[in-house]
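Sequence order for the protein chains is D and F. The number in our numbering is simply the position in the first sequence, starting from 1, with 231 added. The number in our numbering is simply the position in the second sequence, starting from 1, with 231 added.
Hints in this document: simulated from the structure, not taken from any laboratory. A couple of the hints might just be wrong.
You can't tell identical chains apart in this list, so a pair holds if it fits in one copy or across any two.
Straight line, CA to CA, 20 Å or less: simulated SDA-like cross-link-like pairs of lysine to any residue [unchecked claim]: (1) Lys-276 x Ser-256; (2) Lys-486 x Ala-528; (3) Lys-276 x Asp-294; (4) Lys-276 x Thr-247; (5) Lys-276 x His-260; (6) Lys-239 x Arg-501; (7) Lys-239 x Arg-285; (8) Lys-276 x Leu-579; (9) Lys-486 x Val-529; (10) Lys-276 x Arg-262; (11) Lys-276 x Arg-246; (12) Lys-486 x Thr-299; (13) Lys-239 x Ser-280; (14) Lys-239 x Gly-365; (15) Lys-276 x Arg-304; (16) Lys-276 x Leu-248; (17) Lys-276 x Thr-299; (18) Lys-276 x Ser-602; (19) Lys-239 x Thr-278.
There are 2 protein chains.
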Amino acid sequence: MVRMTPPKPSLEMLRTLTDENVLRSLMAHPRLTRAEISARTGISKPTISDSVQRLTRAGLVVDTGERTTGRGRVGSYYSLAPQLGAALVAAITPRGVVAEAVDALGHVHGQVRTALEASAGPRVAAEALDAAAGQLAGRIPGRLRLAVVSAADPVDRGTGRLVHLPDAPFLVGDLDPSAVLAPTVSGPVLVDNDVNWAARAEHRAGCAGGVDDFVYLHLGEGLGCAVVSDGVVRRGHRGLVGEIAHLCTAGPDGKAMAFTEVFAVLGLRRPASTAIDVPALVELLARRDEQAERVRAVLVRAIGGVLSAAVSLADPRMVVIGGEWGLCPGLITAVDEHFSRTPRPVPLTAAVLSSPELTGARSRAVEELRSLIVRTAHPAPQA
Amino acid sequence: MVRMTPPKPSLEMLRTLTDENVLRSLMAHPRLTRAEISARTGISKPTISDSVQRLTRAGLVVDTGERTTGRGRVGSYYSLAPQLGAALVAAITPRGVVAEAVDALGHVHGQVRTALEASAGPRVAAEALDAAAGQLAGRIPGRLRLAVVSAADPVDRGTGRLVHLPDAPFLVGDLDPSAVLAPTVSGPVLVDNDVNWAARAEHRAGCAGGVDDFVYLHLGEGLGCAVVSDGVVRRGHRGLVGEIAHLCTAGPDGKAMAFTEVFAVLGLRRPASTAIDVPALVELLARRDEQAERVRAVLVRAIGGVLSAAVSLADPRMVVIGGEWGLCPGLITAVDEHFSRTPRPVPLTAAVLSSPELTGARSRAVEELRSLIVRTAHPAPQA
DNA sequence: CACTTTTAGGCAAGAGTCCTTACTAGAATG
DNA sequence: CATTCTAGTAAGGACTCTTGCCTAAAAGTG
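Work the whole structure out from these sequences, hints included.
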């Protein structure tokens with residue numbers, strides 16, 4: 232939707248914009264002289280000098296004490312004030328918690344890894360997250376001003392809580408990252424599921440670089456996908472876009488059934504769980520006997536049905552496949568071969584990044600921290 | 232994606248913003264005095280006077296000659312110059328072409344309807360469109376500065392051409408609205424399919440008013456849907472989002488098959504065509520005998536499969552159903568009853584607007600025309 | 001070593017935009 | 001006829017950005 236009422240023009244607005252230009256320059260480059268900022272932004276030197284003076288007085292920018300070397304008059308280097316703080320980045324899976332702190336320059340200030348027992352519940356995960364946040368808070372100059380969390384479960388877009396969907400695995404369990412981090416993190420806590428973060432990372436740098444419309448299919452313990460449309464991961468009303476367990480597809484004997492049902496029928500679920508038995512599945516996909524071939528054919532067709540839905544409802548330029556068993560050798564080519572014979576084929580690729588969810592969450596954290604700093608520099612002039 | 236480099240601040244930018252405020256005010260209200268514009272925008276009277284003077288000199292705004300009545304000094308009314316032109320709005324179906332001209336105030340300046348033979352090809356449609364545009368161009372003060380076209384076929388997002396998808400009906404046929412309108416319309420031609428326009432109209436004013444995430448399912452001669460996510464119709468890479476003919480769903484005997492196949496198996500297609508035989512289907516849905524019930528059950532389940540895909544990949548807050556046979560009495564309640572027993576039910580509603588595709592295209596045309604006027608008032612200061 | 005070149009930064013002047021305040025013109029109200 | 005109300009104008013001030021010129025200091029050059 233296009234903004235209907237343009238902003239009211241004012242001189243204050245110009246000043247704010249100048250300051251934003253200066254701050255953004257210093258976010259892209261660790262240290263700059265005023266002349267460099269001027270050259271980089273195209274804004275005149277006196278104006279930049281004014282702005283730097285303002286921002287220095289406000290405590291957002293500091294003279295690093297360093298001086299230019301080389302020809303010409305010595306110049307002073309300025310940089311963002313260290314007390315501007317950092318953002319917490321955390322990834323939570325049933326296997327453990329990984330947490331980092333990143334500053335507005337994108338530098339990582341420390342990483343804490345906590346392994347969890349397979350049977351550990353959400354309580355233990357919450358404690359690990361809390362502890363990690365506490366440790367990281369001590370290692371950075373300023374405060375933790377916001378957090379970006381990746382979770383290996385569906386996330387409610389409104390509340391940020393992990394949600395348990397019927398007949399879908401609940402790997403981490405009932406957890407509210409916002410509540411856990413409230414004492415340690417002073418600002419907003421953004422939570423999304425790992426598949427969405429992975430898709431953002433792949434969009435930025437991976438095989439899908441430059442492609443603004445694609446679907447990322449994650450085939451692991453859980454079944455999920457991310458829909459990137461017009462360059463943004465779409466989350467839908469509740470944030471449950473990509474929860475494809477109940478998507479109607481083709482099962483054994485060409486019967487229509489929910490995607491997750493296919494695995495139940497094939498006996499590929501963990502006992503007393505709706506999670507997929509990944510080791511068994513990987514082992515089976517490695518085999519070449521007749522039974523394995525039959526199962527493989529069923530899986531390929533089931534995945535084809537899911538892709539037909541993705542093509543119909545998201546029209547991706549490509550489909551990226553990732554996940555523990557999605558990357559099994561031969562699977563992608565088999566799916567590709569099947570899918571390329573359907574009426575609307577789309578190229579398939581394998582995911583390339585190693586811990587994509589952390590990468591995706593991290594870059595979002597940097598983005599949010601930067602915009603938070605810019606916003607707080609000039610308290611919002613809202614109506 | 233967030234803008235990375237904020238705009239360069241300049242005094243010219245302020246002036247541009249003031250002018251934009253004035254223009255937008257005059258787009259929302261047919262005539263205003265300078266004092267009224269000032270009150271409405273919150274910008275001071277002298278500044279508004281300056282801007283109005285500039286815009287009048289530039290020919291964008293005119294003194295209407297009317298004067299205020301009532302207490303106090305008489306004021307002069309200003310309005311947008313009539314020569315600012317209008318936008319063409321056209322809807323093309325196999326049954327005919329409807330075209331209108333709308334100005335920046337949103338007023339419709341004339342409507343031309345041309346009926347087409349059922350067997351008329353794209354040539355005839357193109358001629359009808361061209362003729363309608365020619366007539367409308369004569370009826371308005373200025374030029375036709377852009378066009379917004381709705382077509383009853385899939386539209387390629389990149390080229391704006393109608394495209395024929397395998398095993399899907401091609402109702403209008405091979406047509407390139409941009410090429411047809413190039414002689415008559417001086418600016419851009421936006422083309423999208425009727426279902427997407429209808430969804431935009433429903434989003435704005437209809438049953439889905441205020442809901443930013445929903446899916447609009449169109450059940451007519453063709454099978455289509457629109458995905459509205461974060462308040463915007465998503466089109467995907469090629470613009471083929473919602474082309475659900477090949478979506479894998481449940482057919483008779485619970486067999487997995489493409490949505491369109493279900494109708495083939497049920498014998499509900501027009502002879503030698505992939506289009507659905509709507510009259511036959513409507514007649515059948517009205518019956519109550521055993522065969523009708525059986526077909527109805529199959530259809531309900533097939534639609535349920537499509538909805539499961541929509542829920543998985545779009546997470547709508549609601550599903551709106553429209554189309555010639557989608558609105559048949561009882562169908563929606565039957566689908567609703569079936570769907571509410573699935574693991575992830577979503578409320579269903581019937582579409583409410585009468586010619587939604589035209590309404591949707593019209594409001595977009597007004598929006599685009601307005602932004603075109605604002606942009607041309609101050610030639611883009613791009614790099 | 002003296003001189004030129006190069007560069008960061010400061011200062012002053014000027015143009016432009018917006019705002020506030022005060023004022024004028026003209027019409028309705030009582 | 002005085003009062004009241006309103007649209008528009010004029011003057012002055014505050015503020016921002018830019019241009020152009022200047023200084024200081026380091027590095028190269030002969």
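Status of each hint after checking the structure:
For the identical chains of this complex, Lys-276 and Ser-256 are intra-copy neighbours only, at 14 Å inside a copy versus 37 Å across copies, given an alpha-carbon limit of 20 Å. In this assembly of identical chains, Lys-486 and Ala-528 lie within 20 Å of each other by CA distance both inside one copy and across copies; the values are 14 Å within and 17 Å between. In the homo-oligomer, the alpha carbons of Lys-276 and Asp-294 lie at most 20 Å apart inside one protomer (17 Å), although the nearest pairing across protomers, at 43 Å, exceeds that limit. In this homomeric assembly, Lys-276 and Thr-247 come within 20 Å of each other (Cα to Cα) only inside a single copy, at 16 Å, whereas the closest approach across copies is 24 Å.
Within a single copy, Lys-276 and His-260 get their C-alpha atoms as close as 18 Å, which meets the 20 Å cut-off; across copies the closest is 43 Å, which misses it. Taking the shortest Cα distances, Lys-239 and Arg-501 never come within 20 Å of each other, neither inside one copy (60 Å) nor across copies (58 Å). In the homo-oligomer, the alpha carbons of Lys-239 and Arg-285 lie at most 20 Å apart only across protomers (18 Å), although the nearest pairing inside one protomer, at 23 Å, exceeds that limit. In this assembly of identical chains, Lys-276 and Leu-579 lie within 20 Å of each other by CA distance neither inside one copy nor across copies; the values are 51 Å within and 60 Å between.
Taking identical chains as interchangeable, the C-alpha atoms of Lys-486 and Val-529 lie at most 20 Å apart whether they share a chain (11 Å) or sit on different chains (14 Å). Taking the shortest Cα distances, Lys-276 and Arg-262 sit within 20 Å of each other inside one copy (16 Å), while across copies they are farther apart (44 Å). Proximity of Lys-276 and Arg-246 under a CA criterion of 20 Å is satisfied intra-copy only: 14 Å inside one chain copy versus 23 Å between copies. In this homomeric assembly, Lys-486 and Thr-299 never come within 20 Å of each other (Cα to Cα): the closest approach is 72 Å inside a single copy and 74 Å across copies.
For the identical chains of this complex, Lys-239 and Ser-280 are inter-copy neighbours only, at 16 Å across copies versus 26 Å inside a copy, given an alpha-carbon limit of 20 Å. Taking CA atoms no more than 20 Å apart as the test, Lys-239 paired with Gly-365 passes in neither setting, with 43 Å inside one copy and 40 Å between copies. For the homomeric pair Lys-276 and Arg-304, the shortest alpha-carbon distance inside one copy (15 Å) is at most 20 Å, but the shortest distance between copies (48 Å) is not. In this assembly of identical chains, Lys-276 and Leu-248 lie within 20 Å of each other by CA distance solely inside one copy; the values are 15 Å within and 25 Å between copies.
In the homo-oligomer, the alpha carbons of Lys-276 and Thr-299 lie at most 20 Å apart inside one protomer (17 Å), although the nearest pairing across protomers, at 50 Å, exceeds that limit. In the homo-oligomer, the alpha carbons of Lys-276 and Ser-602 never lie at most 20 Å apart, since the shortest distance is 24 Å inside one protomer and 34 Å across protomers. Only between protomers do Lys-239 and Thr-278 lie at most 20 Å apart by alpha-carbon distance; the minimum there is 12 Å, versus 22 Å within a single protomer.
The structure fails to meet hints 6, 8, 12, 14 and 18 from the earlier list, while all remaining hints are met.
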